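K.L.:
Let chain U serve as the given structure and place chains Y, Z and V on it in line with the hints.
There are 4 protein chains.
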Amino acid sequence: MDLQAVRDSLEKAALDILPTTTLAALPAKFYDNFIIKGIQIDHIEPGRVICSMRVPPRLLNNGNFLHGGATASLVDIIGSSAFLSAGCPTSGVSMEINISYLDAVYANEEIEIEAKVLRAGKAVGVVAVELRKKQTGKIIAQGRHTKYLAVSSKL
Amino acid sequence: MDLQAVRDSLEKAALDILPTTTLAALPAKFYDNFIIKGIQIDHIEPGRVICSMRVPPRLLNNGNFLHGGATASLVDIIGSSAFLSAGCPTSGVSMEINISYLDAVYANEEIEIEAKVLRAGKAVGVVAVELRKKQTGKIIAQGRHTKYLAVSSKL
Amino acid sequence: MDLQAVRDSLEKAALDILPTTTLAALPAKFYDNFIIKGIQIDHIEPGRVICSMRVPPRLLNNGNFLHGGATASLVDIIGSSAFLSAGCPTSGVSMEINISYLDAVYANEEIEIEAKVLRAGKAVGVVAVELRKKQTGKIIAQGRHTKYLAVSSKL
Amino acid sequence: MDLQAVRDSLEKAALDILPTTTLAALPAKFYDNFIIKGIQIDHIEPGRVICSMRVPPRLLNNGNFLHGGATASLVDIIGSSAFLSAGCPTSGVSMEINISYLDAVYANEEIEIEAKVLRAGKAVGVVAVELRKKQTGKIIAQGRHTKYLAVSSKL
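Note that the protein sequences, when read in sequence, are chains U, Y, Z and V.
Under the numbering used here, the first residue of the first sequence is numbered 5, with each subsequent residue one higher.
Under the numbering used here, the first residue of the second sequence is numbered 5, with each subsequent residue one higher.
Under the numbering used here, the first residue of the third sequence is numbered 5, with each subsequent residue one higher.
Under the numbering used here, the first residue of the fourth sequence is numbered 5, with each subsequent residue one higher.
Some clues are possibly wrong.
Copies of the same chain are indistinguishable here, so a pair counts whether it falls within one copy or spans any two.
Taking lysine-lysine pairs in the DSBU-like style, the calculated list, with each CA pair at most 30 Å apart, reads [to be verified]:
1) Lys33 <-> Lys142
2) Lys138 <-> Lys126
3) Lys137 <-> Lys126
4) Lys142 <-> Lys126
5) Lys142 <-> Lys120
6) Lys16 <-> Lys33
7) Lys137 <-> Lys33
8) Lys138 <-> Lys16
9) Lys142 <-> Lys16
10) Lys16 <-> Lys120
11) Lys137 <-> Lys16
Source of the hints: derived by calculation from the structure; they are not laboratory data.
Treat the numbers as computed from the prediction; the structure is a model and nothing was measured.
Isolated chain U (complex conformation) (with noise of 0.2 Å):
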């Protein structure tokens, strides 16, 4: 995937209307566009991806403050977005998956999050990922993401 198609893949994952009126209804794949509608791409070149993002009310959690699960899921989807951008012919699937939650941050407050490909071998590929706040560059969370690149063979 060329670097403008990548760019695209994460900046153009939704429109913004809900396609149902019921959670059950949610199509397939409407996963990603619920975590990065609103993403933009600040820089992006081979095996490295740099965005940034309001942070929504709709990815808090109760302490209001971004979900431990919706910065993993960012540290997934960009991670992922990377290996394209490193000329990977499919962004793999999901092995491991770790993640430091480090600050919180809140509805509103705006953060950027650079996803760096560690190694991108035939079989296995590794992508570290941080979010940090834009303003400050105080470091939210940082994690790791490892996928199985040959997603043709049998892991």
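P.N.:
Chains Y, Z and V only, in chain U's frame:
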């Protein structure tokens, strides 16, 4: 929180009706609803929660199986409820999460999620969470979630 | 490797005599010996190994309890042997390791280490490893180890 | 601990002479010595330590490259020293460790290890540790280590 209250907090997560017509207008604290709507508790005892759900289309990835970020969100949310079932005054804030993805699960397959508290100290707790196919017992994912439980104090 | 050979590879890890008089002259492949000398296999079946050892003074940290690095090394070594017990042609190369430390264990306390293969595919395998106090069953640490098993191929 | 004391604690880890002739008789707290003997500090500042060493034969695995358990031990030990360099009163006790193994490194190759504190709160700290080949900068492993720093309190 007593066991019935923990059960209710998971099962009665949401009305199925979407409260708005745009993603941007979805309200705060909608995230848990989005992930766990449809879940039912099969067993609950202090420190251990087992629940099940049919994989809904909204939680699929582009490969049409359960999204890695949705799995991580389930580990987060069901793991947190296990701390409440153990009598912790709060479910704390996330410090670390890690997940190994072992198998794919598709729309409408029934999964079982078991969360078991490994440690619930005054400051820090750790819970192990496993997702299995309900019919076969085959493991889909295994993770651990570490939380800071003394939330009034400073990390 | 048959089960007796896996057993022997762990139990007969080393003569107890140090082969040289300086750290610098210690030979290649001494590491496993250093970690597991004294271990005994309590149970072995395909994909599952349970062994026990008394915590030797050489594996303590400055707080006089089992060193986090020694625990990680045990997760690595005993986890790897579980792949061999499962009939994998090699124990592969390490891709990921993660450990939650849950309790301290002191010199001469007896510990039990259980390694259980969660998945052993053609390319990738995952094993869960738990360290417990043998007398009480209290969990000391829980980890997972992911290995690339198709070692002749390229990662 | 001041920076010079942190430096000394790593570089002067041990006499090279083995203090006994059997593994069983090796004394308590020998572990750090075994792992880091030969290391030198290239740079130290509050919250950040960079050191280097030639991979000694004693830390190899059966494939003749740096043992995964030795890598984990280096992440543990050098990571802990970074908390001391940041002015933490103790280096705390281990809560979590995770490592991605990215490349093999062989005997006598020179490696560089960088530990960088991501967070050092009153209760909990997180440090990122990276191992690289010194000549090429190629990443060998990347990990994080989470420690409980309020060690007089109860976890």
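K.L.:
All hints are to be evaluated individually against the structure, with a verdict given for each.
P.N.:
Right, here's what the structure says about each hint:
no. : hint              : in the structure
1   : Lys33 <-> Lys142  : between (32 Å within a copy, 24 Å between copies)
2   : Lys138 <-> Lys126 : between (34 Å within a copy, 25 Å between copies)
3   : Lys137 <-> Lys126 : between (34 Å within a copy, 21 Å between copies)
4   : Lys142 <-> Lys126 : between (34 Å within a copy, 17 Å between copies)
5   : Lys142 <-> Lys120 : both (18 Å within a copy, 14 Å between copies)
6   : Lys16 <-> Lys33   : both (14 Å within a copy, 25 Å between copies)
7   : Lys137 <-> Lys33  : both (28 Å within a copy, 21 Å between copies)
8   : Lys138 <-> Lys16  : within (22 Å within a copy, 36 Å between copies)
9   : Lys142 <-> Lys16  : within (28 Å within a copy, 35 Å between copies)
10  : Lys16 <-> Lys120  : within (21 Å within a copy, 36 Å between copies)
11  : Lys137 <-> Lys16  : within (23 Å within a copy, 34 Å between copies)
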